[in-house]
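J.: Line by line, the protein sequences are chains P and V.
Each residue of the first sequence is one higher than the one before, starting from 1 at the first, in UniProt numbering.
Each residue of the second sequence is one higher than the one before, starting from 1 at the first, in UniProt numbering.
Which copy is meant is left open, because identical chains are indistinguishable; a pair holds if it fits in one copy or across any two.
Derived pair list, reagent style SDA-like, types lysine to any residue, alpha-carbon separation capped at 20 Å:
#, residue 1, residue 2
1, 251, 9
2, 251, 118
3, 251, 8
4, 251, 7
Please keep in mind that the hints were generated in silico from the structure rather than gathered at the bench.
Values in this document were obtained by computation on a predicted structure and should not be read as measured data.
There are 2 protein chains.
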Amino acid sequence: MKDLVLDPAPRPLDTPEQLETRLREIGATRYHNLHPFHHLLHSGQLNKAQVQAWALNRYYYQSSIPIKDAVVLSRFRDHAVRLEWRQRIEDHDGNTHGEEGGIERWLVLTDALGLPRDYVTSTVGILPATRFAVDAYINFVRDRTPLEAVASALTEVFAPQIHKERIAGMLEHYDFVNPGVMKYFTRRVEQATKDADFCLDYVKRNARTPEERQRVVEALIFKCNVLWTQLDALQHAYVEGHPPPGVFDPKDWA
Amino acid sequence: MKDLVLDPAPRPLDTPEQLETRLREIGATRYHNLHPFHHLLHSGQLNKAQVQAWALNRYYYQSSIPIKDAVVLSRFRDHAVRLEWRQRIEDHDGNTHGEEGGIERWLVLTDALGLPRDYVTSTVGILPATRFAVDAYINFVRDRTPLEAVASALTEVFAPQIHKERIAGMLEHYDFVNPGVMKYFTRRVEQATKDADFCLDYVKRNARTPEERQRVVEALIFKCNVLWTQLDALQHAYVEGHPPPGVFDPKDWA
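This is chain P alone, in the form it adopts within the complex (with noise of 0.2 Å):
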């Protein structure tokens, strides 16, 4: 249990019903649509040079969706679960037949606001708070349990809510921004609902004890700090204007 460290308050965790409830409560009080930053995003409080930053730190979240998936993928014996998951990775990756995938539509919003591709896949100008973040979710699913590993996306029963907060806050306040733009999270809200019903059920059948419950709790607060961490870093860097050493200078790209 050394590992479980993350919850400051846990609670009797005796069946399915109980561990939903719990995770429910995770969502309302730890995932980022609560995050200040997504408020400025969402209600137009944004410079353009912000939201540049925000679109190229969150490419390498995008970015690195697939290899975390393919990771998720690999600990599974299981073939039926390995075909369900397999679908993410050709969401964000597109398919051979020409079907754009995930990381190609969040390359058309950095178009969009001018940053040039090459920069913006090199991710030489991001935060190192974005990259330890984001490599600590790819070596999590990794390292722990199987459940654990499908657990850390229970962060998406969350996300349709809040991509459609996005798509309808940022078309209307950023002259940047059009329905082009924000296929990325169009197209997610019809994906992260499938998914996230698997991942729900998932985890209310395979856990099947108060400590198994205890790490499906877990993974799901850690997911809500990797996407909390990077907003907080966004918002120290971008926002409050303390840039650590090396990164995005937006007026390189103005």
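Take the given structure of chain P and dock chain V to it, following the hints.
T.: Relative to chain P, chain V alone:
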């Protein structure tokens, strides 16, 4: 070279001397003695709660160092390097003849700040960014080449100066600090100097191509990022007042 992405302005590195010059440039521009949080700490501008948050979070870093060093040691078939490196584990963990190590000396500091040892060692209250950054350091020395693993310790070249500033500044400004409490730092001044000499000599002799020297440079940038990111997170949470959900709340330990 895909993993070399941290240096926005690479320089020619054709000789060991060019390497040393570049390493000292990085120290002069990226080492965390330059971070505003350290300026506040050393000049007495933090309150006790903020010093508590610093000591609590840095405990996670301190207590991870012997684990990091054990991973480094495990990378070497060269007996001489293992013998040299083993001393570092003893410096932090102490020895069986009853000599305390750096972790124990760190807990003397958290004791003096009124933080219960069980709480400190549980790490439940630390910032997620602290955990991500420190864990990234452990993963780095496991996943990169042995040369890069050694090079990531090169921040010790710049450490004695910051320890001296800290000892003088904290003794002068904080009434909860006395020489016994600062013993961690007084001891580290001599340890770090010896360790730094070994590392600098090692990378100058063992990085034999420009690419290998660039790997050394990036390892030092990486490690500077590990240290800087921890202070950015402390400043954002406890100076600017944006603590993420679930972390140390000074009101609980006033």
